[in-house]
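Colleague: Sequence:
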Amino acid sequence: MPAYNAARTLSRTYHDIPHHRVDKIILVDDGSTDETVEIAKALNLSVYVHRRNFGYGANQKTCYRQALAEGAEIVVMLHPDYQYDPTLIPELIEPIANGEADVVLGSRLLVDDALRRGMPWWKYVANRFLTRLENRVLGLNLSEYHTGYPAYSSNFLRLVPFQENSDKFIFDQEIIVEAVHNGFRIHEVAVPARYFPEASSASLWDSIVYGCRIMLLMGRYLLHRAGILRHRHLEIYESRYVKVV
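Using our numbering, the first residue of the sequence shown is number 212, and each one after it goes up by one.
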């Protein structure tokens with residue numbers, strides 16, 4: 212759980228987790244100014260605290276690093292803001308557990324009524340546009356790239372250089388690019404989302420910056436694939452991959 216000021220929703224999220232299917236819950240607090248850490252400790256979670264707000268990507272890096280250190284075989288990222296349904300964790304991990312996928316993305320857009328469920332129209336339009344762009348560049352046919360509900364195999368996380376990725380929101384897209392470029396298997400699962408005042412949400416300006424960074428990332432990937440400009444993340448991975456294989 213990458214957490215930032217999630218005190219109002221953390222308990223609800225925790226109590227909906229199917230604990231019979233989850234071995235351990237790790238929460239990384241990214242410099243919250245509310246009672247997130249105190250509540251997490253009261254729930255007996257494994258809590259790690261950043262001394263200040265480093266960013267969403269930096270939070271995920273700590274989450275995955277700690278999960279691997281503690282022997283996780285499958286890692287699910289669940290936001291503690293109660294926007295995504297924790298009861299769907301078994302559906303996310305099943306393709307990985309069955310050996311069918313390395314990465315599973317929980318897609319809000321595989322659900323027909325995303326707009327009726329409260330997704331802002333401008334986010335819906337931007338999501339569709341960016342997803343179409345990324346599908347074109349990466350050669351996939353995903354319904355959504357911009358989910359906050361992914362699952363990864365431990366093998367995948369050990370091989371990709373996620374520590375070299377951005378500390379910001381673009382982290383999620385960088386790790387997908389790394390998965391695609393190196394032939395990892397990506398599956399999708401339909402996950403309806405909730406939209407309410409306590410749920411975290413990026414501002415319009417942050418969303419614009421995020422969209423611009425995605426287009427820049429796609430351009431850099433195309434240049435890398437053409438051999439014109441090397442993408443440092445993929446180069447780091449390729450050197451590791453040779454050693455592993």
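Hints were generated in silico from the structure; no laboratory data involved. Since this is a predicted model, take the numbers as computed values, not measurements. All C-beta atoms, glycine included, are put in the ideal place defined by N, C-alpha and C. Misleading hints may appear alongside valid ones.
Claimed, not checked - In silico lysine-lysine, DSSO-like type, Cα no more than 30 Å apart, as pairs: (1) Lys252 with Lys334; (2) Lys235 with Lys252; (3) Lys379 with Lys235; (4) Lys334 with Lys379.
As the list claims (entries may be wrong) - Okay, the calculated beta carbon distance ranges per label pair: (5) Asn366 with Arg327: 32 to 42 Å; (6) Pro229 with Arg436: 13 to 23 Å; (7) Arg347 with Trp416: 43 to 53 Å; (8) Cys423 with His230: 19 to 29 Å; (9) Arg327 with Gly394: 14 to 24 Å; (10) Arg347 with Arg327: 35 to 45 Å; (11) Asp227 with Arg441: 37 to 47 Å; (12) Leu440 with Arg328: 36 to 46 Å; (13) Tyr335 with Val420: 30 to 40 Å; (14) Asp245 with Leu434: 40 to 50 Å; (15) Ala437 with Thr298: 23 to 33 Å.
Colleague: Are any of the numbered hints broken by this structure? If so, which, sorted upward?
Modeller: Those not satisfied are hints 1, 6, 7, 8, 9, 10, 13 and 15.
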